[in-house]
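Asks: Position chain B against the provided structure of chain A, taking the given hints into account.
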Amino acid sequence: MGYEFDFSSVLTDQYIDWLISGVRITLLLTAGAWIIAFVIAVVLAVLRATNFRPAVWLVAVFVEVHQNIPLLVQVLFWYFAMPELLPEAWRDWLVRNNSEFILAMIAIAMCTAAYMSEALRSGLRAVPVTQYEAGRSFGFNYLQTMSYIVVPQALRLSVPPMVNHSLLLFKNTSIAMAIGVHELTYQTRQIDSDTFRTFEVFLVATGLYLVLSFIIMFVGNLIERRFSMGTR
Amino acid sequence: MLEIVQNNWTLLLVGQYPAGPLGGIVATLLLAIAGLALAFPFAILLAVARLSPYRWVNWPATAVVNIVRGMPFLMVIFWSYFALPILIGRPLSGFWTLVGALVLYESAYLAEIIRAGIQALPRGQEEAARSLGFGYFRTLTFVILPQALYNSLPALIGQFVSLIKETSLGYVISVNEFTYAASQLNSQLLVRPVEVFSILAITYFIVCFALTQSARWVEQRIARTRQGKSSGMQIQTNPLATEPMP
Chain A
1 MGYEFDFSSV
11 LTDQYIDWLI
21 SGVRITLLLT
31 AGAWIIAFVI
41 AVVLAVLRAT
51 NFRPAVWLVA
61 VFVEVHQNIP
71 LLVQVLFWYF
81 AMPELLPEAW
91 RDWLVRNNSE
101 FILAMIAIAM
111 CTAAYMSEAL
121 RSGLRAVPVT
131 QYEAGRSFGF
141 NYLQTMSYIV
151 VPQALRLSVP
161 PMVNHSLLLF
171 KNTSIAMAIG
181 VHELTYQTRQ
191 IDSDTFRTFE
201 VFLVATGLYL
211 VLSFIIMFVG
221 NLIERRFSMG
231 TR
Chain B
1 MLEIVQNNWT
11 LLLVGQYPAG
21 PLGGIVATLL
31 LAIAGLALAF
41 PFAILLAVAR
51 LSPYRWVNWP
61 ATAVVNIVRG
71 MPFLMVIFWS
81 YFALPILIGR
91 PLSGFWTLVG
101 ALVLYESAYL
111 AEIIRAGIQA
121 LPRGQEEAAR
131 SLGFGYFRTL
141 TFVILPQALY
151 NSLPALIGQF
161 VSLIKETSLG
171 YVISVNEFTY
181 AASQLNSQLL
191 VRPVEVFSIL
201 AITYFIVCFA
211 LTQSARWVEQ
221 RIARTRQGKS
231 SGMQIQTNPL
241 ATEPMP
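Chains as they are written, first to last, in full-length UniProt numbering: chain A, 1 to 232; chain B, 1 to 246.
Derived by calculation from the structure, the hints in this document are not laboratory data. Note that the structure is a prediction, hence the values are computed from the model and not measured. Yeah, the Cβ is synthetic: ideal placement off N, Cα and C, and Gly gets one too. Treat each hint with caution, since some may be false.
Here are the simulated distance ranges between beta carbons [what the hints assert, rightly or not]:
{"#": "1", "chain 1": "B", "residue 1": "PHE137", "chain 2": "A", "residue 2": "ASN221", "range": "26 to 36 angstroms"}
{"#": "2", "chain 1": "A", "residue 1": "LEU222", "chain 2": "B", "residue 2": "ARG130", "range": "37 to 47 angstroms"}
{"#": "3", "chain 1": "B", "residue 1": "VAL26", "chain 2": "A", "residue 2": "PHE140", "range": "49 to 59 angstroms"}
{"#": "4", "chain 1": "A", "residue 1": "PHE214", "chain 2": "B", "residue 2": "LEU30", "range": "33 to 43 angstroms"}
{"#": "5", "chain 1": "A", "residue 1": "TYR142", "chain 2": "B", "residue 2": "GLY135", "range": "51 to 61 angstroms"}
{"#": "6", "chain 1": "A", "residue 1": "ILE215", "chain 2": "B", "residue 2": "SER131", "range": "39 to 49 angstroms"}
{"#": "7", "chain 1": "A", "residue 1": "SER21", "chain 2": "B", "residue 2": "SER174", "range": "20 to 30 angstroms"}
{"#": "8", "chain 1": "B", "residue 1": "PHE137", "chain 2": "A", "residue 2": "LEU11", "range": "42 to 52 angstroms"}
{"#": "9", "chain 1": "B", "residue 1": "GLY20", "chain 2": "A", "residue 2": "ARG226", "range": "55 to 65 angstroms"}
{"#": "10", "chain 1": "B", "residue 1": "ILE222", "chain 2": "A", "residue 2": "GLU133", "range": "26 to 36 angstroms"}
{"#": "11", "chain 1": "B", "residue 1": "GLN227", "chain 2": "A", "residue 2": "VAL129", "range": "19 to 29 angstroms"}
{"#": "12", "chain 1": "A", "residue 1": "GLN144", "chain 2": "B", "residue 2": "TYR54", "range": "26 to 36 angstroms"}
Derived contacts from chain B toward chain A, CB cut-off under 10 angstroms, selection only [what the hints assert, rightly or not]:
{"#": "13", "residue": "ALA34"}
{"#": "14", "residue": "ARG69"}
{"#": "15", "residue": "PHE73"}
{"#": "16", "residue": "VAL172"}
{"#": "17", "residue": "SER198"}
{"#": "18", "residue": "ARG221"}
{"#": "19", "residue": "THR225"}
The shape of chain A in the complex, shown without the other chains (with noise of 0.2 angstroms):
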């Protein structure tokens, strides 16, 4: 093939701004997305451990209509027909405050926490019931017995899962382009049709998107081999 690479036209002072704010916009995104769908993740996990019915039954809900749902759809179902459901001040609030990429966050944070959730409970499963009788037959009570033997247990075995999803989080960051927010992807895209020095760009945005995904993975199995707990 007689293409010629040229980086330098790509990376003038301007693209280099360009793609960092590009990347500081993704590294944002999924940061408040994470914070966001870790809470929610706790608390849903925590609704299906109370067996009350109710909550247990919404949760299941929660979970199966956020994991069967393509994550572009419901970003664009949050951009586009959710600011319609809400009241007017909102809306104005919304868009006077950068409403893509708060409703990307939202969105995206949804979508991981259904997901988290489920690690979680996994997580909660997987300790045994003697773990608990046995914490309880030290006379420890209920409260005592779940925040000292099962859940730090249950935290360490979710480990693995809550890596893959966070990594999953980030590089699904970029599906936010689809409703206009400026992150990597997306400034890419404006770069290329910019110079159409399409493969220059694009290897420079994937090589971006590969570093900072192995900082995930690794930092993610120094997690893992800090606080596994050994096979037995």
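Replies: Just chain B now, with coordinates in the frame of chain A:
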């Protein structure tokens, strides 16, 4: 909402099909099926290569899997969009561009599922086949893969659901599929986004939920069959024991 479906069900079902390109939910399903079917052979090769004891075989396979796992699917779609026509030397329709992206991306994920299936088999299976005189490839094709693929069937159905969900990203490069059809409908009707996107979400939900439920059913069935098999094996092995039990 019903009246929108009544007036536009052909667009949502098959797109502009007889007059134009196939679209709608039918195209979404065809995309997912084509992607899965074409990714499968590559996935098996990758899985087997990753388990190879030779470093020059398993190292490149591991690298491919990790690189693909580190890329957002949208990036893979754009690569397929720009690079595939150049690689094969002629323009490609949106449908096959998306299939190309799905094959590349899903090969890596399917490979991990198949690898896990192979690793979950007891080592005795391979040892038995080898000691019966089977070579490496015959052991793989007649003993290991049939069992590994059967056992990973639930995970494979789950991955098919992922494929269906991933085809929605074809929307970004204007591939005629279900999400694209709905967004066309949305810009036609203009003032009814809640209804249009609800129809879109509900339809995806019905299709994907039915499949995930069937995956769960298959999983239970497989678990039951395996239990039956293992108890059957015990009965068979006892009469063959030559050593008297202590």
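Asks: Each of the hints needs a verdict: does it hold here or not?
Replies: Quick rundown of the hints versus the structure:
no.	hint	verdict
1	B:PHE137 / A:ASN221: 26 to 36 angstroms	34 angstroms, holds
2	A:LEU222 / B:ARG130: 37 to 47 angstroms	38 angstroms, holds
3	B:VAL26 / A:PHE140: 49 to 59 angstroms	58 angstroms, holds
4	A:PHE214 / B:LEU30: 33 to 43 angstroms	35 angstroms, holds
5	A:TYR142 / B:GLY135: 51 to 61 angstroms	59 angstroms, holds
6	A:ILE215 / B:SER131: 39 to 49 angstroms	46 angstroms, holds
7	A:SER21 / B:SER174: 20 to 30 angstroms	26 angstroms, holds
8	B:PHE137 / A:LEU11: 42 to 52 angstroms	48 angstroms, holds
9	B:GLY20 / A:ARG226: 55 to 65 angstroms	56 angstroms, holds
10	B:ILE222 / A:GLU133: 26 to 36 angstroms	32 angstroms, holds
11	B:GLN227 / A:VAL129: 19 to 29 angstroms	22 angstroms, holds
12	A:GLN144 / B:TYR54: 26 to 36 angstroms	53 angstroms, violated
13	ALA34	18 angstroms, violated
14	ARG69	7 angstroms, holds
15	PHE73	7 angstroms, holds
16	VAL172	6 angstroms, holds
17	SER198	7 angstroms, holds
18	ARG221	21 angstroms, violated
19	THR225	23 angstroms, violated
The structure fails hints 12, 13, 18, 19 (numbered hints given earlier, in ascending order).
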